[in-house]
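Visitor: Build the full structure now, drawing on both the sequences and the hints.
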Amino acid sequence: MTTPMTTPMLTRITTAWVFAAATLGGAARADAHGGHHNPVAWRACDAQPLGAQCSFLDGAHARHRGTCRSISGALLCVRNRPIEPAEPVEAVVSVAPAPSLDSVLVRLGAAIVVWLAPRSPSVDSSPPVTPL
Amino acid sequence: MPRSPRRPPPWLLLLGACSVLACAASDDAETGADDAADTEAVPYDALPEHFLPAALVDGTSITTEACTLSRGTRSTCYRITIRGEPADHDIGPFCPRNIADDASAGGIWIESGVAHDVDGPFIAALATFYGDDAWQLYDPVTGQINVTDTEASCSAAARPDVDPAYNNYCVECSLDYIGGGVATTYLIPVTPVALASPAEIDRMGAVGLALNGGHFDPPAPTDAILAAHTIAAFDDCGGHVNLHAGYHYHAATGCTHEIAQPDEHAPLIGYAMDGYGIHAMVDGDGSEPADLDDCRGHTDTTRGYHYHVAGAGENMFLGCFHGEQGSRQ
Chain A
292 MTTPMTTPML TRITTAWVFA AATLGGAARA DAHGGHHNPV AWRACDAQPL
342 GAQCSFLDGA HARHRGTCRS ISGALLCVRN RPIEPAEPVE AVVSVAPAPS
392 LDSVLVRLGA AIVVWLAPRS PSVDSSPPVT PL
Chain B
1113 MPRSPRRPPP WLLLLGACSV LACAASDDAE TGADDAADTE AVPYDALPEH
1163 FLPAALVDGT SITTEACTLS RGTRSTCYRI TIRGEPADHD IGPFCPRNIA
1213 DDASAGGIWI ESGVAHDVDG PFIAALATFY GDDAWQLYDP VTGQINVTDT
1263 EASCSAAARP DVDPAYNNYC VECSLDYIGG GVATTYLIPV TPVALASPAE
1313 IDRMGAVGLA LNGGHFDPPA PTDAILAAHT IAAFDDCGGH VNLHAGYHYH
1363 AATGCTHEIA QPDEHAPLIG YAMDGYGIHA MVDGDGSEPA DLDDCRGHTD
1413 TTRGYHYHVA GAGENMFLGC FHGEQGSRQ
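One line per chain: the protein sequences are A and B, in this order.
Letter by letter, the first sequence follows residues 292 to 423 in the numbering used here.
Letter by letter, the second sequence follows residues 1113 to 1441 in the numbering used here.
In short, the hints are calculated from the structure, not lab data.
The C-beta atom is built at its ideal place from N, Cα and C for all residues, glycine as well.
Mixed in with the good hints, there may be bad ones.
[Unchecked claim] Counterexamples of contact, computed for chain A against chain B with all Cβ distances above 10 Å: (1) P330; (2) A332; (3) Q339.
[To be verified] Footprint (simulated), chain A over chain B, 3 or more residues, beta carbon under 8 Å: (4) 1224-1237; (5) 1313-1327; (6) 1405-1412.
Guide: Here it is, written out as structure tokens:
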């Protein structure tokens, strides 16, 4: 049995393809950190310079905000603000209007690369894939 | 269930505080004297006083000597030779032995900012957890988990290019294989020297040392480990063993020696390579400072500049070094 695609699903898929086509290089860099214990923190800085503001959702959907620092040779989002409690799933996948195309792509970069990553349960619309 | 850093429950803290206050009041009543000299806290900057005596290699003490810091500044450093194994808690367990085992049989695993109990059900569900059917760390008939429980298997599985024979293993090593902790000497600046811009944390470098004689290490390069479908579990204190570095921490979970702060600030748990204090993540009221800089440090009038560690699931302690580093020998 197939499930009809909803508008949000189509939006997400379209966004993913657009972003993937535009940022294959970034995705390749993300794979280079694929084995890290906290891959979402690395991927949050994939399209960012040293010292840039960054944020990501952890495996429990809580928001981490910080700056991109170089640790062990790669940029990592170092949280320096208190962890924000879990966000509603809708807020995770929605994309707020942004003033420029660049900023849209940067935001999509962090969200979509993480979303597409096989190991990360952080931004999927399904419940966190944790057995515990 | 995801793990939270181990903190005493508020009622226990309250009970402890009441007990201390009651004792103090009782003593004062009995002696009728101001016994301030006996109860005065060790000054914050008295680094040698903060380490557990058993953290140091037998027969050594913390001394000072001339040193050159990472950016060439000539300074004075503490010479601290730690045992390389915790003086205040047991090591392990790391890997459970059967998928029916509960959390007491294993340690933790860090993934995507969250620390998870490595119990039997966690091992059984790794294929789902990682979305990869190649994960199969246990015998589906007996439930027995593949664990590197010999020196040879530890050595073969813990190296960067994991021996294919140990794909799908839970990797753990014993300090017994290397005769105990790896004693290491650190030179830590007595007076930290702030940098104009922060210094990055090197994979091969050190982050700092714990007051209990353990090493705080940078994030582990685990690409090859996960690619081979192995996990190198940490114990509940956030540490694990390899044959080169011995026992070392990758996360602070709240079970190492702490120096309580009189103002309910997060306790001191160690020192960074640049000589600044490393504190636990949250203050006594359970809140985390909101004014941390890029390195996860801030300044107050009591302690000056100091760091607060990241959460147990974040696979880091600090974000960078605020000051010039000493060295590890």
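Visitor: Does each hint fit the structure? Answer for all of them.
Guide: Now the hints, each set against the structure:
no. : hint      : in the structure
1   : P330      : 7 Å, violated
2   : A332      : 7 Å, violated
3   : Q339      : 13 Å, holds
4   : 1224-1237 : holds (count 10)
5   : 1313-1327 : holds (count 3)
6   : 1405-1412 : holds (count 4)
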